[in-house]
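Start from the sequences and build out the full structure, keeping to the hints where you can.
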Amino acid sequence: MEPVSFWQLVSFGEQGWGPLLLSGMMVTIALSLSGFVLSAAIGALMAWAKISGNKAMRVMADIYTTVLRGIPDLLVIYLFYFGGSSVLSAVGRMFNADGFIAFPGFLAGMMAVGITAGAQQTEVFRGAYRAIAPGELEAAIACGMSRATRFRRILAPLALRFALPSMGNVWQLVLKESALISVTGVAELLTQAQTGSGSTGRPFDFFIAAALLYLLISAFSGWSLRKAESYYSRGAAR
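Residue numbers for the sequence shown follow the UniProt record's numbering, beginning at 1 and rising by one.
For the record, the hints were derived by calculation from the structure and aren't laboratory data.
Keep in mind that a hint or two might mislead.
Label-pair ranges, simulated between beta-carbon atoms [what the hints assert, rightly or not]:
| # | residue 1 | residue 2 | range |
| --- | --- | --- | --- |
| 1 | S5 | M57 | 56 to 62 Å |
| 2 | A102 | K176 | 20 to 26 Å |
| 3 | A41 | L137 | 19 to 25 Å |
| 4 | A142 | G185 | 24 to 30 Å |
| 5 | Q15 | M57 | 17 to 23 Å |
| 6 | I141 | L75 | 40 to 46 Å |
| 7 | I208 | A30 | 20 to 26 Å |
Being a predicted model, the structure only gives us computed values, none of them experimental.
Where a beta carbon is used, it is the ideal one built from N, C-alpha and C, also for glycine.
In structure tokens, the structure reads:
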């Protein structure tokens, strides 16, 4: 029997593992996107607390960013997955359910990635807000704009313009962090590559294929972010 080539191995043919790798890539994208959206929401809230909140809210936001940026991401994933499983098992025992109840791996990964990246997003949004010229907001107030109108027409578009480059960096971090979720058993790209390498005894081929797919996602997302930066920079002096 002739040895299977690399391209046959990752193809969608009879001996190919393409469908498995593709399904893993889709899970990776879904996990990264959901975690990134959660991190953006947390980051916006914590940035608001640091900028406009009272002293207690500012202290809370400072503690959040300091702690989450100072501990390993893998530790946060373990805390959510195994800690969540322990809580679910304890609740189950209250209702006479026996055995271990596992916390959903995808949910644990999304929450862990979102909360860890949220600490980065907090500083991104805070810096973007500080980059807005005070005169632009003062002019909006002088024109009689309400707080909601100022946010929609002035604050949000300008802050997003300044935040997008750094948000792109956070997205790349989130994409790489998603590979750590393989420890929870989620069938994302790295997990599927490990499955294929263990079944065929060709780890180099599968991990190279996984690396190429990660680069494909990264390249497409980088192109999309550049388009978004160009869109939100219309009319700005270069």
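Run the structure past the numbered hints and jot down the numbers of the failing ones, going up.
-> 4 and 5
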